[in-house]
Amino acid sequence: MKWCKRIMTFPNRRKSAIVIGLIFVSMGLICLHLLGEVHKLENARERLERAVADIQGTDVAVGHPRHLSQASDQILGQFEYKVELSGKTDEDLVIIYNRVPKTGSTSFAGIAYDLCFRNKFHVLHVNTTKNIHVLPLSDQVRFVQNVTRWNSMKPAMYHGHLAFLDFSKFGVAKKPLYINIIRKPLDRLVSYYYFVRYGDDFRPSLRRRKAGNTETFDECVAKGGNDCDPVHLWLQIPFFCGQDAECWNPGSSWALERAKYNILQNYLVVGVTEQLGDFIAVIEATLPRFFRGAVALFNEGRKSHLRKTSHKIPPKPETVKRIQSSHVWKMEQAFYEFVQEHFEFTKNQIFEIVDGAYVEKGNLFHYEKIRPR
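According to my numbering, the sequence shown is numbered sequentially starting from 1.
Keep in mind that the hints were calculated from the coordinates and are not lab data.
Mixed in with the good hints there might be a few duds.
[Said to hold, decoys possible] The list that follows gives simulated cross-link-like pairs (lysine to any residue, SDA-like), each with its CA atoms no further than 25 Å apart:
id: 1; residue 1: K260; residue 2: H342
id: 2; residue 1: K174; residue 2: V141
id: 3; residue 1: K184; residue 2: K321
id: 4; residue 1: K130; residue 2: Y194
Model, not experiment: these values are computed from the prediction.
Please put together the full structure from these sequences, using the hints given.
Below is the structure:
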């Protein structure tokens, strides 16, 4: 009878062992699930910290100030920054760099091309037929639609020799950010004069349209030649004025005032060629999502001056005096000085001098009295 009882209880013991085993397995799965949730929460915390840092304009790693044009603390590879493509506002961001010819634009574009892989954004060159700077109205509409609707290319920086195009007149809800660089007007004209004759070290084998013409800029001015006519100085003002016909009327006071207005209202930042390193420092501090690491690249030297005119003779004092007597030069110079002054103001708002070096300031604002709690 006892034997029969043992036989009958054996299956019950087996069932108990199975139940206990299932309990342990369940507990193990629950622990793994909890660990997974903790890991997700940790990742979410890190993303939140990074988002807060982005909003505040600082990096998560503190204690590493950005030195203006001397960013020894920002050598590429010293810090690894992860870019979260998670639908943030800046992932929909579009920058337009409507670069003025012969202002150092190739150097800055080269930095953007180097950074786009690391910082995960797209760079697109806008090439126009016969290098026109003003688009027909139909092309303006198409360009606006492409830039705003081409979501697979966002975030993006478009660059090309195009005059300013006001996206708001086309009913666009979110306008792109405009940036640019300008140069002293006479220096820019002299550089272009010799560029079309001798080319540059960027593509030395390319034959330019004035190749073989050895007439110097001084000789051209002395005889009143067309290539050195002060009217050709009229380029930077219309580039910022825009696509309207009056913008391209040399000496137009309306165009000058419109260009100034656009600088203040429609451009995030405009630098000057003579302070290219400072401009790069400002743009990195302002738009780290795109330009984190730009100062370090510039300081390495490989991207500090990509295109240099192969042969250029500085104009004589009498030539300079003659050019500077023209109405167009006076207007373009006034515009340059306006931009330079505004850029200095912008730079000094971002950086302060510490031990003789420019260092990025900390946040100058904070949130308080937040309700409801």
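Exercise for the section: Would you mind confirming whether the straight-line C-alpha gap from K130 to Y194 stays at or under 25 Å? Expected result: Holds - the C-alpha atoms of Y194 and K130 are around 20 Å apart, at most 25 Å.
Problem - K184 paired with K321 [C-alpha distance capped at 25 Å] - result: Roughly 15 Å separates the two Cα atoms, so the pair holds.
Handout entry: Hinted pair K174 and V141, Cα distance within 25 Å
Key = With a Cα-Cα distance of about 15 Å, the restraint between K174 and V141 holds, given a limit of 25 Å.
Exercise for the section: For the pair we were handed, K260 and H342, check the Cα-Cα distance against 25 Å. Expected result: holds (10 Å)
In terms of the numbered hints stated before, the structure departs from none.
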